[in-house]
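Peer 1: This is what each chain is made of:
There are 4 protein chains.
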Amino acid sequence: MCRLAAYLGTEIKLFRFLQEPEHSLIKQSWAPKEMQDGTLNADGYGVAWLSDDNIPSLYKNVLPIWSDTNLDSLGRSLSSQLWLANVRGATPGQGISEANTQPFVKDELIFTHNGCIKPFDKGIKAKLLNELSNDIQAGINGDSDSLYLFALLQQHTLNQSTIPDAIIAMMSSIKSVCNKDVAALLNLLIYDGEMLYACRHALNSACPSLYYSIGSDNVRIASEPLTINDEWVTFSEHSLISFNSSGVIENYSL
Amino acid sequence: MCRLAAYLGTEIKLFRFLQEPEHSLIKQSWAPKEMQDGTLNADGYGVAWLSDDNIPSLYKNVLPIWSDTNLDSLGRSLSSQLWLANVRGATPGQGISEANTQPFVKDELIFTHNGCIKPFDKGIKAKLLNELSNDIQAGINGDSDSLYLFALLQQHTLNQSTIPDAIIAMMSSIKSVCNKDVAALLNLLIYDGEMLYACRHALNSACPSLYYSIGSDNVRIASEPLTINDEWVTFSEHSLISFNSSGVIENYSL
Amino acid sequence: MCRLAAYLGTEIKLFRFLQEPEHSLIKQSWAPKEMQDGTLNADGYGVAWLSDDNIPSLYKNVLPIWSDTNLDSLGRSLSSQLWLANVRGATPGQGISEANTQPFVKDELIFTHNGCIKPFDKGIKAKLLNELSNDIQAGINGDSDSLYLFALLQQHTLNQSTIPDAIIAMMSSIKSVCNKDVAALLNLLIYDGEMLYACRHALNSACPSLYYSIGSDNVRIASEPLTINDEWVTFSEHSLISFNSSGVIENYSL
Amino acid sequence: MCRLAAYLGTEIKLFRFLQEPEHSLIKQSWAPKEMQDGTLNADGYGVAWLSDDNIPSLYKNVLPIWSDTNLDSLGRSLSSQLWLANVRGATPGQGISEANTQPFVKDELIFTHNGCIKPFDKGIKAKLLNELSNDIQAGINGDSDSLYLFALLQQHTLNQSTIPDAIIAMMSSIKSVCNKDVAALLNLLIYDGEMLYACRHALNSACPSLYYSIGSDNVRIASEPLTINDEWVTFSEHSLISFNSSGVIENYSL
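Protein chains in written order, with the numbering used here: chain A, 1152 to 1405; chain B, 1152 to 1405; chain C, 1152 to 1405; chain D, 1152 to 1405.
Next comes chain A alone, as it looks inside the complex:
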């Protein structure tokens, strides 16, 4: 499992997104409250944002987030209108490496996943590879289920005209590949250069938790509410929502 969060709105410093909230991702790395699997998210973390010239940018570290001595300085110096972050609780057998550490970026797409495909053995991997062109397979640079899911999304964006359509097609591919013995937990956060998409979904399992909060000039999404005093709305199970910085744009069923 992992814990993830996103922000879209008026430009803010990283620390306001990542460090300041009472139940920040840092707190959720060692004391998550709503994890189905595992008790910790200490296997690295990553943050994605947009540079001034709107280039998706990434910072990753394979150490537990609480032990990164660079984070204070980065927190007060980096600023952006968009933030995505993930603290990782690696599924045993999936290596702790920069390649496996989320978020992932490909061109304008930023992607992060909370969940797992379980078991993620060679049988499932081989079936997922069947859904991918060699060109997209060649972009997989690690061995985590999340990397394969991101590849699958890229594959479906080639044939679908919108991100929600690609996500819906992707989930259908996964369903065709996963029989009843495979649990797939499939919460995703995606930014495509314009909008933020978040889905809460699972196959053969309960869905991981997911919330959003609409502020005066921003939207936040997180696995667990980041703050105590703001209103956090739980996502319906098997739902996909698109957001801009003003709030919810559209609701989809998965």
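Worth double-checking, as some hints may not be accurate.
Cross-link-like lysine-lysine pairs, in silico, BS3-like; alpha carbons within 25 Å at most [unchecked claim]: (1) Lys1278/D <-> Lys1257/C; (2) Lys1164/B <-> Lys1178/B; (3) Lys1178/B <-> Lys1278/A; (4) Lys1326/A <-> Lys1273/A; (5) Lys1278/D <-> Lys1164/A; (6) Lys1164/C <-> Lys1257/B; (7) Lys1273/C <-> Lys1273/D; (8) Lys1178/B <-> Lys1331/D; (9) Lys1184/D <-> Lys1269/D; (10) Lys1178/D <-> Lys1164/D.
These are computed hints drawn from the structure, not numbers from a lab.
Put chains B, C and D on the given structure of chain A with help from the hints.
Peer 2: This is chains B, C and D only, laid out in the frame that chain A set:
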């Protein structure tokens, strides 16, 4: 590029293989003498050996070998009849990660590669993936050319009855995939549980250097002679040699 | 806080000490049961042992112990009659670095500490430095309370003829330095080339947990019982015990 | 040895300081041209800057600078009017750790050193500790000569009213401690919240190289000229210069 070395013979401590020689792999990490490409091998290193119960064992570190403070202690405490090691000079664009750090192990096979496929872009990767079953593709956990070569070897061992035949078939696959614009430097060291195989080979390029030295109770192979006073024999270009601990068993042309 | 363990007896492989026990230090890194402070020991770990020629040897990693991919191979290949290990839960403000990762070695002494000095601020540090010769201060290569305690022990071994006497003098120094507002948790494991010394002690606080278990050919000591079926004896608070591989040699009060 | 550089002037992105120049510190990490000692600076690196609210900020990594995958993103997102950076070539025996990685920060002081004290053994360390109050000793969190030099500077700032005076007093302390058998290479860059100070100095050795270049809206200082087309002025041996963003303020002899 990288520098690699192997030892097969009477059981010795790691430090006698890795640290003691005048022109050890540690020396070759910061002062190699015969590299075609690059000037350094500072992008991590790895050592493979057999445990007492003959299980292929691995130690890897993504830091330069000279900065690994564990190495002195391991050098005087680990012993084996078989050693393979690699100090890595990563090709730009191929990540520095444990997954990409050599040697690689799969079941009883131990594998290490010195060289590169250049350019190792999506086009070549996609063609190499074409040669692989999904099952073997699913075992690739990083993004280096060496990992793809190891996967290709595994693929060919399924249809060939000997390691030399698999290597020959593998080189032929690579030739079919690499047109004239692709340089492939293909020095390999392989141990299969019984014998050590080493080849010096390249396509559209000169071959990297490779030497062996027959001792009284052992065989050593290395990219550059490890010692000054021993006799080191250079491999012929495009040759493959099998060794046991007594010396050369058989010579093949590639 | 940390969790620590030691073994003295017939030579065994590392994995029998570190990985095999039901409530191994690996388990205690993410699910300790008797910690007073903190909930995790994910800030690196270290193992000390004797090489064949009785040289104190060390392996350290700043990553959580569960994510060290080298450990399986080392576990089945390293063997010794002596093992000390520590999984670290760093006190906030004390850096996560190899220098701060325990155990520590100086000549024939091997040392590991479970506990803390709280607060470990400049005032306390300065007072502890007052107790040390410049020569011993110059050996402190990090910033943890455990490093200062090890330096203090070294200082007292210069004037005391036995390790127990040095430990008793050291505890008295600490008492003179720590007023009522400073809590000092002072469980130590020490090997001096011949015997194993373990103490359970604290000032202005309850003592951390500590146990030992006498086997047919060995002694084990641990912060929490490593196994379910063996008998584990709790140390009395403020006690120091010396062991050889047959069992308890002598009991001291602190 | 190390290579270091600084920038003071109109606010610029990090990449313009660190990555863009033809002979950037990245290039100087693997291909320095004017090193007296060593051939590489691959033992970690660090960058210091001022945040928007003028807080000295730090980013460090113990890997070679060329292998830091975060650097592209940080390069285009961090901006400041002040930059100091150091690529480290560790003196053997001085650990590769975040604590030893430069620059160092203490309150408003930013400090980086190029050179070494050789040999940096316990005798010298003990003599340097003699010059330090316990309070300042307690701030040393690693074991490099550079950390001891920074401590010594802090000590002298307590009794001197200006940074140049403190540097001059510090150099005199070092001279009293180092007899003829000790070579001290003592190039320093210091920022105190207002001005940049750079010195080129050595005892019992030639001075390491050091240059500055005055631009239209900035000053740059570097161990080796960063660019080909700008004019770079070599520092006189045993000189100290203070700069503001317009150029040289004052020259001192050491």
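Peer 1: Next, verify each hint and record whether it holds.
Peer 2: Against the structure, the hints come out as follows:
{"no.": "1", "hint": "Lys1278/D <-> Lys1257/C", "in the structure": "holds, 21 Å"}
{"no.": "2", "hint": "Lys1164/B <-> Lys1178/B", "in the structure": "holds, 18 Å"}
{"no.": "3", "hint": "Lys1178/B <-> Lys1278/A", "in the structure": "violated, 45 Å"}
{"no.": "4", "hint": "Lys1326/A <-> Lys1273/A", "in the structure": "holds, 17 Å"}
{"no.": "5", "hint": "Lys1278/D <-> Lys1164/A", "in the structure": "violated, 45 Å"}
{"no.": "6", "hint": "Lys1164/C <-> Lys1257/B", "in the structure": "holds, 24 Å"}
{"no.": "7", "hint": "Lys1273/C <-> Lys1273/D", "in the structure": "holds, 23 Å"}
{"no.": "8", "hint": "Lys1178/B <-> Lys1331/D", "in the structure": "violated, 31 Å"}
{"no.": "9", "hint": "Lys1184/D <-> Lys1269/D", "in the structure": "holds, 22 Å"}
{"no.": "10", "hint": "Lys1178/D <-> Lys1164/D", "in the structure": "holds, 19 Å"}
Comparing the model with each earlier hint shows violations of hints 3, 5 and 8; every other hint is respected.
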